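One letter stands for each residue in the lines below.
Number of protein chains: 4
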Amino acid sequence: MAKQLNIGMIGYGFMGRAHSNGYNRVANFFPDLEFKPVLKAACARNAEATKTFADTWGYQSTETDWRKLVERRDIDAVDICVPNNLHKEISLACAAAGKMILCEKPLAMSVAEGEEMCQAVEKAKVANTVWYNYRRIPAVTFAKQLIDQGKLGRIFHYRANFLQDWTISADLPQGGNGLWRLDAAAAGSGVTGDLLAHCIDTAIWLNGGVTNVTAMTETFIKERTHTATGKVEKVSIDDACAFLCRFNNGSLGLFESTRYARGHKALYTFEINGEHASIKWDLHDLHRLQWFDHRDVGNLRGWRSIHITDGDHPYMGKWWVPGLQIGYEHSFVHQVADFCESLAKGTPCGPTFRDALETQKVCDAVLGSAKTGQWTNV
Amino acid sequence: MAKQLNIGMIGYGFMGRAHSNGYNRVANFFPDLEFKPVLKAACARNAEATKTFADTWGYQSTETDWRKLVERRDIDAVDICVPNNLHKEISLACAAAGKMILCEKPLAMSVAEGEEMCQAVEKAKVANTVWYNYRRIPAVTFAKQLIDQGKLGRIFHYRANFLQDWTISADLPQGGNGLWRLDAAAAGSGVTGDLLAHCIDTAIWLNGGVTNVTAMTETFIKERTHTATGKVEKVSIDDACAFLCRFNNGSLGLFESTRYARGHKALYTFEINGEHASIKWDLHDLHRLQWFDHRDVGNLRGWRSIHITDGDHPYMGKWWVPGLQIGYEHSFVHQVADFCESLAKGTPCGPTFRDALETQKVCDAVLGSAKTGQWTNV
Amino acid sequence: MAKQLNIGMIGYGFMGRAHSNGYNRVANFFPDLEFKPVLKAACARNAEATKTFADTWGYQSTETDWRKLVERRDIDAVDICVPNNLHKEISLACAAAGKMILCEKPLAMSVAEGEEMCQAVEKAKVANTVWYNYRRIPAVTFAKQLIDQGKLGRIFHYRANFLQDWTISADLPQGGNGLWRLDAAAAGSGVTGDLLAHCIDTAIWLNGGVTNVTAMTETFIKERTHTATGKVEKVSIDDACAFLCRFNNGSLGLFESTRYARGHKALYTFEINGEHASIKWDLHDLHRLQWFDHRDVGNLRGWRSIHITDGDHPYMGKWWVPGLQIGYEHSFVHQVADFCESLAKGTPCGPTFRDALETQKVCDAVLGSAKTGQWTNV
Amino acid sequence: MAKQLNIGMIGYGFMGRAHSNGYNRVANFFPDLEFKPVLKAACARNAEATKTFADTWGYQSTETDWRKLVERRDIDAVDICVPNNLHKEISLACAAAGKMILCEKPLAMSVAEGEEMCQAVEKAKVANTVWYNYRRIPAVTFAKQLIDQGKLGRIFHYRANFLQDWTISADLPQGGNGLWRLDAAAAGSGVTGDLLAHCIDTAIWLNGGVTNVTAMTETFIKERTHTATGKVEKVSIDDACAFLCRFNNGSLGLFESTRYARGHKALYTFEINGEHASIKWDLHDLHRLQWFDHRDVGNLRGWRSIHITDGDHPYMGKWWVPGLQIGYEHSFVHQVADFCESLAKGTPCGPTFRDALETQKVCDAVLGSAKTGQWTNV
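Here the protein sequences come in this chain order: A, B, C and D. So that you can map any letter, position 102 of the first sequence is 102 in our numbering, and since no number is skipped, the others follow by simple counting. So the mapping is simple: our numbering equals the position in the second sequence, first residue as 1, plus 1000. So the mapping is simple: our numbering equals the position in the third sequence, first residue as 1, plus 2000. So the mapping is simple: our numbering equals the position in the fourth sequence, first residue as 1, plus 3000.
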């Protein structure tokens, strides 16, 4: 009989749905886990909307004050799915209350905030993880395995993009529901924390730490109406950000993110070039991994498009049969499964707050370099 | 408050899981449906395995005799997920008991069986549908919309393949669990009923009825050990089947299916060439539709790779945000959603048994033509 | 010092240009050949146009009567680049005059004509070849090498398409310059001889002889203005043709060709599925070969896109450096080079007339089957 | 009757062949040009090799001293196909002798050298062009037309890569024939001048001037045997180079080049994101242009893969028929054709020396920034 892992969810937006789906699916596809998530309570300020959300996803109760949720005795773990400017305060309260935390990325508004959060969870010894979910797309997890097996040899290059095009219109306001991402007061930064943070988390996981960076940012649309004030206000986020870096292992990195790349909805791509082999992946065809192996017979070398749907690919033995692809949301199911497994084993479930702080450090260095124009150490 | 649609599931194989997932997911993503599936009972001969299946997927009870399940007063609809040779008998019993039926494809072992089943459900006036799930891959549904809007103009060509490679090894036995598909006694035919039936269902839906066919079949591995007897026995299914046909609308068709196409796991593809535009789709990248429109400016004409993840693509407004793909299993969620919606409206949910009988007629004509070597009317 | 191979060219259309380019280029890229083509004379009925053509391509003289050309003592080899209905007569004259022949495909209007031509060249012992140029696209030649090395193992399936869309408009006339291909009196057949013949030649070369076929043809536009008469006349060619076949090696074949596949300009594709490996190729990206090898490590299996531009790929050592692709026309340069090399060695340069007759036999069987509706032996 | 353009070629390496082919082909495919190149003389230090080269390509004579070639009265134009460290001296001599110059890229070893060369040719009023041949790949030329027509609107992003993998082995020596590219004394720089210069030339042509840059370079293999001395010597070139930049039009640029990207032979790619539309292109499939147009109907938007082989695509009316691709070498034929046409019209043939100097300025700024770690103005 599985042990219950009682979840309290704060927030009900896009990520609130994605995480809830993860909790709901995991027992169907990972039936052997020792822990099984139970959706105890959903919490947000709007009582009616919270009730609707709770009904749709099967939460047993609702709260409108996150402090009450954190204090509830029947909650084991709190899922923080609110704008970035609230991550720290809620995390500190959770740690104080001895709750496990599953926090949406990025970890914090700054390294300073993040450091405080890390110390809190470490002192409280509560399980913690950050939803850098792309680590658990099977193709990405498989890339990690290939690298760890040494199949690429020495790494020379790492490049990653996260390209979107949804904010090109100057008529789009800032602030408000989905649009808090355009408001630096709520989001901390623009594409750097929202998109590049994903690229950086994956990069550190796959290729190790970043030494130093040189960056540029741009805000193409300088003013937008703010939904809170109804007035045209200065846009304070970065619409686009690009940086060069050196990794600790001597490889070179190129990163770029923008919401002004017409034709790309959510095109997160990365490529790694090693001495013996190279890897490419992109989110628009997330069920494929591109693989080039120089050790193949010379005249038969070519980029292989591997359809990551076989039983011996990471996580895929849990799903359907070879050839049948899974989708975006499954990465969250996998993170829940791994969190449950880590609980049973008493091991951390990466990326922990401490892991995510490394990404935060790179983000801060990037934003700093973009201001000073200097190469900046991480 | 949603009305309950009490489901009794017979079978727990690959399709049993896929359908169960469909029932479980629908309320999360289609919260406004009037009917909501409730998993009342799962049924199969092996009591222990059935119990495990029921626990994993949340069925409230189990049965080991499908006749008992069919007779239960608390069951509204029966899902038939067993080998093809049992479809008729169970369907007739369900109709007699006034149960709705959701039957796995192909409908039956033959047109004669299928006709009997159609008459039974029509006489009993019970809602019925057949799980030709690929109609409800969003890209395929979108293709249907484009054709119905006349965007292709006169259709000249339709071609479809369903290519697999999992039976190439002569060591693979026939019969038994997943391998009943290699045993004609249980499956009726080989790739024709298992794979081509999907292609034919989609084709009829998109392009109308088939007039006549000329076909060939082949059994590459002539003998395999049978799991039931432990002896080497003649293989009676078709390993590969191809046919040419004419559609009622004057267009030409080419269909092929095999389990001996090395490199293809489950590559269902179709292409339609119309006077003004053409469409291509394949199951290995099911979230994309290829579109060519001759009405584009001449020097800018090209095949468009449409990433079917936007809110204005069929079903996709229910899922995530643009750029984030869904997977294979979602087609079953959509069919459940549409079945529930049809119930509320009192309309049929295609493909009905009668619709599926059209596919059966083509299959029978194809298998007949392969034997006689003659063009055969459907 | 290279020996001269004095060429007399009959015709100056699209193929006349392509062949002329082949003769002109070969010495630059294959400088070590013992024979070197010299463009002695170009011949066509229109004196002025012939003169222009000759000046452009460097022919030293012109003729307006092909019989005179054939009789010229300074001509070693005649290139027949005229509509199909003239191939036989000119070939017989060439053979009688002891000239080598490089004949545009298809060989003839019928097997009977082709047989007569074969006997003539064999009796006269003149070198002969037919311009099935796609054999010498490096990727296709490489496919041949892989098959001959046994890398695919037993072959199960062969499928090929040749799809175009240039005759969809009903306003297009038949007859006249480029449009003699729409006139059966000049072309013999429609897509069967023009396009499928290419597919069949490659197939026989790669996969051996065809045993029997079942076919269908269609003429979508039934009447077109004829440029010769100015009147609307019945269209007698096949606009589309598809057939199923069995090869002598037990594999199954599927072939289709049409000029009504919107979105495809000249999409010749083939795919071969073997026990161990599969191959795909298409003319729209002719410098790539798709390769799947089941002997690769399981979780790293995938279709490789091989960029056929390396020095160890067929012919490619003669061109540029890895990564730099060649184009359509190079296949003709290669055929000229191989013809010259064969001359030096005293060996046949395939496809010879006799080889091409095999393709003609399949074409005739296909057209026959389309009329009778019967499986037809080749 | 065409006027002769008498060419003197200095060098016989890879580029010597590519240019020679351009001169030889142009009259076949561009028969209406007023000027027609005549290969008067080839020049290089090795008399025997020069003779072989001249014989292969049809040069009428040879020289072993480039100064003699430059002085010959029967030479109209000199083609400089030697290592970069000789470009200036030969160019100055040509200008002094009143010869036109077609100079291989990059223009010079430095901006200072380049400026001197520009002044020389401008003072001498001799026609001059630099072989940045990728401008004349039809797909790239077409991209230029689309941008000039304003179809992209405001440009936000430009990114380009040139990735190779041929120098990964530490056993490869520096210096000598093809390997002078690894020797800074002959090449000036590594990938910056050899590969990035191409990317920069195209970028300036398509997107206007570059304002400032921040760059990094790396030499992965620090020492290699030098073919001249036989000793292991320090490698002084950049193996990889990446930079961020801002364009004068406000758009952001990302550029990267390396010879350590396993799996890429000569993958030059660029992408431009505009307000209304985006463009992608790569050299490995150079006959395609990827085009995304936001003005398409919403649910039918997708990247179009345009097969650049139609008569209304740049240059393509001169070649074959739709669907039949050309290759790498054709870019040189087009540059010769345009040079001849410019001569007839008395207009410059871009990129002129002055145009190429702009690319040199960016290269110098990039190499400078890589040393200082500072953003550097161009």
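Quick caveat, the hints were computed from the structure, so don't treat them as lab data. Keep in mind that a hint or two might mislead.
The calculated label-pair distances, taken between Cβ atoms and stated as ranges, are [to be verified]:
hint, chain 1, residue 1, chain 2, residue 2, range
1, B, His1276, C, Lys2051, 39 to 47 Å
2, B, Gly1298, A, Gly58, 24 to 32 Å
3, B, Ala1049, A, Gln149, 32 to 40 Å
Calculated lysine-lysine pairs in the DSSO-like style (CA-CA distance at most 30 Å, straight line) [as the list claims (entries may be wrong)]:
hint, chain 1, residue 1, chain 2, residue 2
4, A, Lys151, A, Lys123
5, B, Lys1125, B, Lys1371
6, D, Lys3318, A, Lys222
7, A, Lys231, A, Lys371
8, C, Lys2280, A, Lys151
9, B, Lys1371, C, Lys2371
10, B, Lys1036, B, Lys1318
11, B, Lys1371, A, Lys3
12, D, Lys3151, B, Lys1280
13, B, Lys1151, D, Lys3318
14, A, Lys51, A, Lys36
15, A, Lys345, A, Lys144
16, B, Lys1371, C, Lys2068
17, D, Lys3265, A, Lys280
18, C, Lys2265, D, Lys3222
19, B, Lys1280, C, Lys2123
20, C, Lys2040, D, Lys3318
21, C, Lys2051, D, Lys3280
22, A, Lys222, D, Lys3040
23, A, Lys280, B, Lys1280
24, D, Lys3144, A, Lys144
Please read these numbers as outputs of a predicted model, since none were measured by experiment. C-beta atoms are modelled at their ideal positions from N, C-alpha and C, and glycine is treated no differently.
Consistency of the hints with the structure:
no., hint, result
1, B:His1276 x C:Lys2051: 39 to 47 Å, "holds, 43 Å"
2, B:Gly1298 x A:Gly58: 24 to 32 Å, "violated, 54 Å"
3, B:Ala1049 x A:Gln149: 32 to 40 Å, "holds, 36 Å"
4, A:Lys151 x A:Lys123, "violated, 38 Å"
5, B:Lys1125 x B:Lys1371, "violated, 37 Å"
6, D:Lys3318 x A:Lys222, "violated, 48 Å"
7, A:Lys231 x A:Lys371, "holds, 27 Å"
8, C:Lys2280 x A:Lys151, "holds, 28 Å"
9, B:Lys1371 x C:Lys2371, "holds, 21 Å"
10, B:Lys1036 x B:Lys1318, "holds, 16 Å"
11, B:Lys1371 x A:Lys3, "violated, 59 Å"
12, D:Lys3151 x B:Lys1280, "holds, 28 Å"
13, B:Lys1151 x D:Lys3318, "violated, 34 Å"
14, A:Lys51 x A:Lys36, "holds, 23 Å"
15, A:Lys345 x A:Lys144, "holds, 21 Å"
16, B:Lys1371 x C:Lys2068, "violated, 57 Å"
17, D:Lys3265 x A:Lys280, "holds, 16 Å"
18, C:Lys2265 x D:Lys3222, "violated, 50 Å"
19, B:Lys1280 x C:Lys2123, "violated, 51 Å"
20, C:Lys2040 x D:Lys3318, "holds, 24 Å"
21, C:Lys2051 x D:Lys3280, "violated, 43 Å"
22, A:Lys222 x D:Lys3040, "violated, 60 Å"
23, A:Lys280 x B:Lys1280, "holds, 25 Å"
24, D:Lys3144 x A:Lys144, "violated, 40 Å"
Hint compliance for this structure: hints 2, 4, 5, 6, 11, 13, 16, 18, 19, 21, 22, 24 are broken, all remaining hints hold.
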